[in-house]
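Chains as they are written, first to last, in the numbering used here: chain B, 1 to 355; chain A, 1 to 306.
Bear in mind the hints are in silico, worked out from the structure with no lab data behind them. Be aware that one or more of the hints could be misleading.
Claimed, not checked - One side of the interface only, derived from the structure: several residues of chain A facing chain B at Cβ under 10 Å: (1) 201; (2) 206; (3) 207; (4) 210; (5) 211; (6) 263; (7) 264; (8) 267.
For glycine and all other residues, C-beta sits at the position ideal for the given N, C-alpha and C.
Chain by chain, the residues run as shown.
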Amino acid sequence: MAGITIESITKSFAGVTAVDNVSLTIEDGEFMVLLGPSGCGKTTLLRLIAGFDLPDSGRIAIGDRDVTDSPPGRRDIAMVFQSYALFPHLRVSDNIAFGLRMHHVGKDEVTSRVREAAELMGIEALLNRYPTQLSGGQRQRVAVARALVMRPSVILMDEPLSNLDALLRLQMRAELKHLLQDIKTTTVYVTHDQVEALSMGDRTAVMRDGAVLQCASPMEVYDRPGDIFVATFIGNPPMNIVRAVARDSVVKVEGVEVALPEASNLPAGTEVSIGIRAENIEVHTEALDGALPATVAVIEPLGSHLLLTLAVGAESIKASVRTDFAVKRGDPLWLELRQGSVRLLGSANQSGPSD
Amino acid sequence: MSGQVEAPALREAAGRPRRAVRFSRRQLEPYALLAPAAIFMTLFFAWPAVQTLLIAFQKANGSWTLDNFGAMARDTDFRLALRNTLLVLVLIIPIETTIALLMAVLAQSRLFGRDVMLYIWSIPLAVSDLAAGLVWFSIFTSHGYLNSVLQDLHLIAHPVGFLDYNNLGGLVTAIVLAEVWRSMSLVMVIIMSGIQAIPPELDEAAESLGAGAWQRFWKVTLPLLKPTLQVALILRTTTAFQVFGVVLALAGSALPVLAVKSESWVTEYRNYQLAATYAILILVLSSLSTVGYLLFLRTPREVFQR
Chain B
1 MAGITIESIT KSFAGVTAVD NVSLTIEDGE FMVLLGPSGC GKTTLLRLIA
51 GFDLPDSGRI AIGDRDVTDS PPGRRDIAMV FQSYALFPHL RVSDNIAFGL
101 RMHHVGKDEV TSRVREAAEL MGIEALLNRY PTQLSGGQRQ RVAVARALVM
151 RPSVILMDEP LSNLDALLRL QMRAELKHLL QDIKTTTVYV THDQVEALSM
201 GDRTAVMRDG AVLQCASPME VYDRPGDIFV ATFIGNPPMN IVRAVARDSV
251 VKVEGVEVAL PEASNLPAGT EVSIGIRAEN IEVHTEALDG ALPATVAVIE
301 PLGSHLLLTL AVGAESIKAS VRTDFAVKRG DPLWLELRQG SVRLLGSANQ
351 SGPSD
Chain A
1 MSGQVEAPAL REAAGRPRRA VRFSRRQLEP YALLAPAAIF MTLFFAWPAV
51 QTLLIAFQKA NGSWTLDNFG AMARDTDFRL ALRNTLLVLV LIIPIETTIA
101 LLMAVLAQSR LFGRDVMLYI WSIPLAVSDL AAGLVWFSIF TSHGYLNSVL
151 QDLHLIAHPV GFLDYNNLGG LVTAIVLAEV WRSMSLVMVI IMSGIQAIPP
201 ELDEAAESLG AGAWQRFWKV TLPLLKPTLQ VALILRTTTA FQVFGVVLAL
251 AGSALPVLAV KSESWVTEYR NYQLAATYAI LILVLSSLST VGYLLFLRTP
301 REVFQR
């Protein structure tokens, strides 16, 4: 068991910087999710921690051991690959036992540890099969068992659920979380799926263009995104971003004053972007003081709620309402932005990266 | 443990009604594309092979007989030719397979200069066997490069007869060298294609589980290369039984081998029956070796089906 300390890691391939001066501390036993769109450097960062690639500069320590120059086999890590990377010529039991045998673990201990890992993953009945005789979900379990049996300090997972169908993914997501919480092994988990990131991680590091934009608990990242990119990458629908003009702790949206949760220190008249989640918008059918007048543009029934797309002046805002909310296209509505849930996401002079 | 991999597609295919037996252009297209190769193979391989088989069981006048095989066994050089062929083969195959495996692994590595290495290694692919034999002849002959170099270095006083008719060791060494040089690039290309088909994550997975480079080669790469090696070995053993041009250029008749015997019975004695019988013997030996490889390098069917 050990934490991971990443200090100013940079890695480029053929002149393209994949990981750009990233520093990150992962606590012992923590489940850290690296989240970002493809090409953001999350997999490269994972491979740097694993030791498959070596950084151009910076240090990596696992526990109090500097592993920057260690080969993967000496880092006390175990990896679960997106493709599972099971050895096709070995039966499930030999796949799981592979690492133990490489470490010259005694025969009896190999047998008992393989059995233990297989029981943990519920694959005892598959031990004599070859990987090609397994379903995707079973292969996934074998890959996890092969990692767990090593009792590593750190488990690294590269999009482990992305090759499973939607239903199985949902099931494995909960199962993996449960399992990793039980064994309390430090885990770094790469995904591009924001739902996975939110539901599984103790903390989520949102990455873009090789940099970590924000690293915080899932709820924090969801509720208080650090910038416009994080706000729009996380959540479905993404956070509404609206242009506004600042004045003390108040911003003006389309001529209506909206209170900010904390004072902004922005000079009056600064153009800013504010963000608000769809579920934090109260929708009224009658005019109300301090509410934004809007017109219904699109109504999408989503089963648990209705998602409304509303035109507010030149802005487009999404809000969710209960399914029994009687509304039709073109109806006038008034939007009240719930107290304390409006986020200031950058002004014209301190703009977020996606501006 | 229930069998879960049954194909449900059969029912669908069976239920489809048969249409009239008029072939559309689309249906004929694959056969048209195959035709040139099929005609070529039939005319120049299948037909001569059938003819050879028939001639081996015929007398000169065309009547059927098994006498040709007895005559071959009584041929003065028969045992020698068989021994030499097998001797050359058991030396060539392991040596060239090992070297080719090493070259393929090096060519796949991220070593500096691997592209240049690959080009140089591929040169023998373009050299015919007789030309390869002549190249090595010019090295090993009494006035060849090797003797010149050794004399210039004052390591030997007089030229050494590496290829003298009674120097079995010299002849076999030269033939093995030439044949290995000529064909190892072919084996390398086959093995490289096999290595490239192995997903790189498997190597990384083994590495992260603590396997060193040597263990990864023995425990992961080599077992997964088995089907590829099987193809390469079958191909090369079959052609090594037919070793001809290299032997002709380096040894002439000083080191009889089966294929050269077959040729000399045609060109020197016009005895097509005995020549065909030698050819059939080569065919039988090649087939037996192929069956051997298929049996001993078998991969469980479960391993590679996707």
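Looking back at the numbered hints, which does the structure fail to meet, lowest number first?
-> 6, 7 and 8
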